[in-house]
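Go by the hints and put chain F onto chain Y.
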Amino acid sequence: MANFSTNEFKPGLKVMLDSEPCSILENEFVKPGKGQAFNRVKLRNLKSGRVWERTFKSGDTLEGADVMDIDLEYSYTDGEFWYFMDPSSYEQYGADRDAVGESEKWLKEQERYEITLYNGSPLAVTPPNFIELEITETDPGLKGDTAQGGSKPATLATGAVVRVPLFITEGEVIRIDTRTGEYVSRASKS
Amino acid sequence: MSDWRPSASQERLAARAALTQQIRHFFHTRDVMEVETPLLCQGTVPDPGIEIFSVPMQDADSPDRYLQTSPEFAMKRLLASGSGDIFQIAKAFRQEEQGRHHNPEFTLLEWYRLGWDHVALMSEVASLVGDALGCDGWQIWPYRALFIEILGVDPFAEEVDAIFLLGVAQAKLGSVPDGLDRDALLDMLMSHCIEPAIRDWGIVFVTDFPLSQAALARTIEVANTAVAARFECYVAGRELANGYWEQSDPVALATQLDAENGRRRQRGLPERPVDERLLAAQRQGLPDCAGVALGIDRLLAMQVSADALTEVISFDWTRA
Chain Y
1 MANFSTNEFK PGLKVMLDSE PCSILENEFV KPGKGQAFNR VKLRNLKSGR
51 VWERTFKSGD TLEGADVMDI DLEYSYTDGE FWYFMDPSSY EQYGADRDAV
101 GESEKWLKEQ ERYEITLYNG SPLAVTPPNF IELEITETDP GLKGDTAQGG
151 SKPATLATGA VVRVPLFITE GEVIRIDTRT GEYVSRASKS
Chain F
1001 MSDWRPSASQ ERLAARAALT QQIRHFFHTR DVMEVETPLL CQGTVPDPGI
1051 EIFSVPMQDA DSPDRYLQTS PEFAMKRLLA SGSGDIFQIA KAFRQEEQGR
1101 HHNPEFTLLE WYRLGWDHVA LMSEVASLVG DALGCDGWQI WPYRALFIEI
1151 LGVDPFAEEV DAIFLLGVAQ AKLGSVPDGL DRDALLDMLM SHCIEPAIRD
1201 WGIVFVTDFP LSQAALARTI EVANTAVAAR FECYVAGREL ANGYWEQSDP
1251 VALATQLDAE NGRRRQRGLP ERPVDERLLA AQRQGLPDCA GVALGIDRLL
1301 AMQVSADALT EVISFDWTRA
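In the order they appear, the protein sequences are chains Y and F. Our numbering numbers the first residue of the first sequence as 1 and each following residue consecutively. Our numbering numbers the first residue of the second sequence as 1001 and each following residue consecutively.
Hints were generated in silico from the structure; no laboratory data involved. Here a beta-carbon is modelled for each residue, glycine too, at the ideal position from N, C-alpha and C. A hint or two may mislead.
Stated by the list, open to error - Between beta-carbon pairs, the in silico distance windows are: (1) Asp1200(F) - Asn45(Y): 32 to 38 Å; (2) Glu20(Y) - Gly1130(F): 35 to 41 Å; (3) Arg1265(F) - Met1(Y): 31 to 37 Å; (4) Glu1271(F) - Asn129(Y): 55 to 61 Å; (5) Glu26(Y) - Glu1011(F): 25 to 31 Å; (6) Glu20(Y) - Ser1002(F): 36 to 42 Å.
Unchecked claim - Computed from the model, here is a short list of chain Y residues facing chain F with C-beta under 8 Å: (7) Glu28; (8) Asp60; (9) Thr169.
As the list claims (entries may be wrong) - List of simulated lysine to any residue pairs, SDA-like, C-alpha gap at most 20 Å: (10) Lys10(Y) - Arg1319(F); (11) Lys57(Y) - Arg1263(F); (12) Lys42(Y) - Leu1173(F); (13) Lys57(Y) - Arg1182(F); (14) Lys10(Y) - Gln1170(F); (15) Lys57(Y) - Asp1181(F); (16) Lys105(Y) - Glu1195(F); (17) Lys1172(F) - Val51(Y); (18) Lys105(Y) - Pro128(Y); (19) Lys42(Y) - Gln1170(F); (20) Lys10(Y) - Arg1264(F); (21) Lys57(Y) - Arg1319(F); (22) Lys42(Y) - Gly1082(F); (23) Lys10(Y) - Pro1104(F); (24) Lys57(Y) - Gln1266(F).
If we strip away everything but chain Y, and leave its shape as in the complex, we get (with noise of 0.2 Å):
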């Protein structure tokens, strides 16, 4: 991979730091009146989401990472992997717990995922920003109880459980924000 100098360090260049594939955050160039001029760089490290704030030297390089982001559809798992598919190559990536993560509970089958390769493996999943679940457990609508402020805990066919307001019922389908992991609203009738 080519090398970057300071300078070329915009927001979401990847790039090598202790090994650990990172992305670029944030580059503020500080000089001090007359003397040494440097970078504070801040950097998300894409194995453990991780920020790291580094100060360089300026005109030092690092060297670039190859990672990549494509977007695949969720297949199956087996337990051990999750697999996702290239809809238009039908090629196969299969991403380790790790990768996964905590996008695992928004894991459903035919949704397009995000997922970022490094060395042509799968490093992070990313979820779309909205979801649609189907509710599998939930209590029947409490009448008249505000005591918990109009919401109960539903979990999804995920796995996952959020809180819904009262009125939701078992077999409905809703719409979820996975950055935040609350509810929207039902799912529009398809």
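Just chain F now, kept in the frame of chain Y:
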């Protein structure tokens, strides 16, 4: 293509015009003459911290010219020729300096006061900045006292060497880039620890710098320690101006310029030819004076509470 439009709003362009007018009025009432000096010159600065733009000439035998990193050398030649007090609002160019508070092409206000020292000049800088920003009150902090106050480290102590400073920087900041010499480590502590710490202190003048950071300031004795008669003006933790009680001794000046080239060699950078016309002017005699350069774009950004210089420059670097 939408970036034909300016990066600054109409209001900010109007604020720039008003600030420029205010500055001209400030100096007019104080009998300081406005001057203009060349931008494409045959000499430049040896400062290892400044990257220059070289411009090749069509005639292959003529050496490259340099876009000025500040009008300092030309203005000193005017002073040596008897100009008296002078000021200039000039474009300056520094390659590689681009960010929220940097644009490679920027506007400097530079002025010189005959018979003044750096302390008198700080007071004038404070009036100009105070007028522009609508604040009064300012404080002076010697470099040494500021480091002791914020970091508990005496940058003039003998035992405080590069290894010691590396330890301080690592303790405060975690990771530190490789290959920083003692002054670069001091610069890192200044920009990463001290600047944020003085954000709420209003107008702050840092003065009495270590001799290794004297640039073109003269040396004076303060409390039995030799220091550089140089100051930096900070507002909201951001550097706004750099001033000197100017080095008028031509031999000392030549030594200082050589020392800067020495630092370039140490850092593996090519040396830059010394500006012989400046040295000749200094041999003729630079009058006793103090001078300062102030970033107009930064002053304006602070005045209108802009987050980045692009918002106060008609066409920033990416649109120029």
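Cross-check of the supplied hints:
The given range of 32 to 38 Å is respected by Asp1200(F) and Asn45(Y), whose C-beta atoms sit roughly 33 Å from each other. The beta-carbon spacing between Glu20(Y) and Gly1130(F), approximately 49 Å, falls outside the hinted interval of 35 to 41 Å. A hinted range of 31 to 37 Å for the beta carbons of Arg1265(F) and Met1(Y) is consistent with their spacing of about 33 Å. Taking the beta carbon of each, Glu1271(F) and Asn129(Y) are about 56 Å apart, inside 55 to 61 Å as hinted.
Between Glu26(Y) and Glu1011(F), the C-beta spacing of about 27 Å keeps the proposed range 25 to 31 Å intact. Range check, Glu20(Y) to Ser1002(F): Cβ separation about 37 Å, and the 36 to 42 Å hint holds. Taking 8 Å as the C-beta contact cut-off toward chain F, the hint placing Glu28(Y) at the interface holds, the least distance being around 6 Å. This hint holds: Asp60(Y) has a C-beta 6 Å from the nearest C-beta of chain F, less than the 8 Å allowed.
The beta carbon of Thr169(Y) comes no nearer than 49 Å to any beta carbon in chain F, farther than 8 Å, and the hint placing it at the interface is violated. For a cut-off of 20 Å, the pair hint linking Lys10(Y) to Arg1319(F) stands: about 17 Å separates their Cα positions. For the given pair, Lys57(Y) sits about 16 Å from Arg1263(F) by alpha-carbon distance, which is consistent with the 20 Å threshold. Between Lys42(Y) and Leu1173(F) the CA atoms are separated by roughly 13 Å; this keeps the pair inside 20 Å, and the hint holds.
Between Lys57(Y) and Arg1182(F) the CA atoms are separated by roughly 14 Å; this keeps the pair inside 20 Å, and the hint holds. Between the alpha carbons of Lys10(Y) and Gln1170(F) the distance comes to roughly 26 Å, so the proposed pair goes past 20 Å and is violated. A threshold of 20 Å between alpha carbons decides the hint, and for Lys57(Y) with Asp1181(F) the separation of about 12 Å falls inside it, so the pair holds. Among the hinted pairs, Lys105(Y) with Glu1195(F) is inconsistent with the structure: their alpha-carbon atoms are about 45 Å apart, more than 20 Å.
Only pairs whose Cα atoms come within 20 Å are accepted, and Lys1172(F) paired with Val51(Y) is accepted, the gap being roughly 18 Å. For the hint linking Lys105(Y) to Pro128(Y), the alpha-carbon distance of about 12 Å falls within 20 Å, and the restraint holds. Taken as a hint, the Lys42(Y) and Gln1170(F) pair is honoured in the structure, with Cα atoms around 17 Å apart against an allowance of 20 Å. Restraint check for Lys10(Y) and Arg1264(F): the C-alpha separation of about 29 Å exceeds 20 Å, so the hint is violated.
Between Lys57(Y) and Arg1319(F) the alpha-carbon distance is near 26 Å, which puts this suggested pair outside the 20 Å criterion. Between Lys42(Y) and Gly1082(F) the alpha-carbon distance is near 51 Å, which puts this suggested pair outside the 20 Å criterion. Among the hinted pairs, Lys10(Y) with Pro1104(F) is consistent with the structure: their alpha-carbon atoms are about 17 Å apart, no more than 20 Å. Simply put, Lys57(Y) and Gln1266(F) have alpha-carbon atoms about 16 Å apart, close enough for the 20 Å limit, and the pair holds.
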